[in-house]
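Novice: Residues per chain are reported as follows:
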Amino acid sequence: MRSFETRPDRISKEQALLLPDPHRLDYFRQVRIKHDRVATALDDIETLVSPESGTDIVLLIGPTGVGKSTLTISLRDRLLKLHQEDMRSDLSFIPVVIVEAPASGERGFSWRIFYVRLGQALHEPLMERKIEDCLEDGRRTIRPINAGSTVAGLRMAIEDALKIRRTVLVIIDEAVHLIRNAKGNTLNSHMDALKSLANICGVTLALVGSYDLFKLMSLSGQIARRSAILHFQRYRPGVAEDEKAFLKSLRSLQKFLPLKDVPDLSPLSGDLMHSCVGCVGILKDTLTRALTFALRNNGKWTDSCLQRGVLAERQIVSILEETLEGEKSVVGSEFGSGTVGWWPETKKKAA
Amino acid sequence: MLQNDDLVPLSVDLPPRSRLGRLEPIARGTAYRESLSSFVLRLAHNHHLAPHVLYRQIIAPDLKALRSKPAAWDVYPGTLSSFDGIGVVAEAWAQVIAGLTGHRTLIDLTLAPYKEVLSQYKLLNSQKRWCPCCISESVASGSGYGQLLWQIAAVTACPKHGIRLVSTCEYCGSVGSVSHKVRQLPHVCPHCGHELGGKAGTALEPASPSEVARAKLVADFLQSSPEHCGSLPKFGDFLRNLMAHCSDGCLTQFGKLVGVRKNTLHGWLNAHHSPSFPEILCFASACNTQVTAVLSNQVDLSNLRVAQIRFEPRLPIGVGRVAFHRVDHAALRAQLLRLENEEPPLSVNQAALQAGVSARTVRGVYPEIARRLADRRAKHLASQRRSRLDGLVNAARETALRLAADGQKPTRRAVEKELLAGKTMAWRDGTAVLQVLRALRENDAI
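Chains as they are written, first to last, in numbering that gives the first Met the number 0: chain A, 0 to 350; chain B, 0 to 445.
Incorrect hints may appear among the rest.
What the hints assert, rightly or not - Simulated restraints on C-beta separations:
1. H51/B x V150/A: 22 to 32 Å
2. T149/A x G390/B: 32 to 42 Å
3. T140/A x A394/B: 17 to 27 Å
4. E135/A x S173/B: 12 to 22 Å
5. T201/B x N180/A: 53 to 63 Å
6. K63/B x V150/A: 47 to 57 Å
7. S52/A x E23/B: 22 to 32 Å
8. Q434/B x Q119/A: 36 to 46 Å
9. E135/A x R371/B: 42 to 52 Å
What the hints assert, rightly or not - Away from chain B, derived, C-beta distances all over 12 Å, residues of chain A:
10. L17
11. G53
12. R77
13. H82
14. E131
15. A160
16. G237
Since the hints were derived computationally from the structure, they do not count as laboratory data.
Note that this is a predicted model, so its numbers are computed, not measured.
We put the CB at the ideal spot given by N, CA and C, even for glycine.
Use the sequences and the hints to build the structure in full.
Specialist: What follows is the structure, encoded as structure tokens:
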């Protein structure tokens, strides 16, 4: 079966037009455009995840579809580029990994699956054959394993893998799965496990997810001290700058649509901004769906393609409600929102 | 790559990551550097895998890919030393492990770089040996490891601490055979799990000056660069010079002086084969010089008096050589029949030793007597084992009941601690104790 080059940085739009339909979709899916929010967020998160910042855990939160996962991929690529010389001389060096927190359907969070996935991302071999050894009364013993590795064995293997691979950043996508169904002390235990992983291995953890992650900050002062929240915001309708930036994003994405004779979508920017809740990720998904319908229509773009690609009203309302609630909850907590002299006592003395 | 200002740059192309983490060998470039076998054990430990699992699942497929047909050594080496030496095995292992860990080369952790001048004969140990002081120091500095120096048969002492290398664990007394049972770390006893650095305050046997001198010669040799360590033709030239100096060039006289046969000397002189490493050391210590000087023909013999040259006896080839003598078979048969009824029963080897013949003679000439001796001995040992085990089981039962009565949990470890006072139980005995405890639990006795 013939393989096609579909990377947008390697082929032009004219070449993309010649691709078969599935590969055209693939081409458009790989497009990651630069826009204002991405540039700011990338710089902020790069500052926070550097070892010198003193931050152990970074929470990257934002509305669904705003592009958090895409941002993490861009962050990973940026860090890989930064360390590329070192990675070429040391083939075992893996500076950054992305792993998705599992939602296995069990009642609680499955650390076993998480460690196995993290091990796979670190190229750690034979995760199912890990042994845990310990020192008891001056004797080194191996705990017998009856079937597969224990969670403790996996954890020890992951700690050593992170050290030996000199990893500096672990990005945990869909981190909200950690807190689902976690009640009482369980949530504290989860955070303790993560904090201990960051301390022992000297890595920074970036937890990516929806606004629900914010409740992790209120668990303890210790967590709050060593953590930071990065709020990846949407573009808000009614704010002139945001509307301009959204329009620019729409125009950038339109350039990469692998179709002939696509009309200018700029006049629809306002409506699209509302139906995408100001999130560039949702906009891209909308255009991807529209592209799918257009390709089924023999590659011809019609108004109905976009109409069918847009989210349903109820979906938009649900996302918007969740987003507004989340935005309200993080006010004053995100990175960069602190000011010196906000404490009332200090203000009084200053007065 | 197309430049496009609208796009976030996509990922750079990077070479694929190594399958295993890059562990750094310890003391690399020095005479006390880590051996490849120790490196593999530490690598397995770092990845929390048993060494045999690391071998079978990861190393063996790459080893097999190196050779076009399976070889005898493709199975897990029975002796770990086999990949610290100079042969094809050592080179293949070094190449594969270097590829898996992202190292450029790991051949310097073996003796393979010196293969041009070294012979495989009597080069490596069949038994694991170590210096307890070196192990304690390496553990204190972060990671215990096994030195390449200890793998060499001619080294019987530590050049740094001046003590004899040991080969038995101080805690359990097991002999450190170099086998696949070495399943943990190079500085840990594979049988009891204790550190091989020994107990604090234990007196260690000092080595003789000649042993320490020999160990220092080997250490200096390992420190030298393989490119400048010499060659067989140059060693032949050195021998020629030495022969001229000691015996005016007479091969026969020289052979008597050094204790080597003429045809062996002839082979060395003409670089047909290399001397064993102990023999090279003999020449170096006799001429009071370095090994590399001997192998590079850089020894100044002008100030060396023949009377001062002492060739140490070569390392013994083996034990059990019996001088040839005529056997009185009638007397031998009568003696063997008498020894058959000895108490306790003797083994074939013991009977042969008492009769002054080899066990091979007894088995070959008197097979029925040998069979009866062996059967009787086997029954005796089996009944001894049974009674010892019965005693152990009874003691374990009483101990478990006593512990339970005292309110302590009668686990296998607790019973072992009570019975053996700090020593380690053999795994078969441990299994018997577990069965006793299980039976007591089923009967609700504990």
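Novice: Honestly, which of those hints from before does the structure not fit?
Specialist: Hints 6, 12, 13, 14, 15 contradicted; others consistent.
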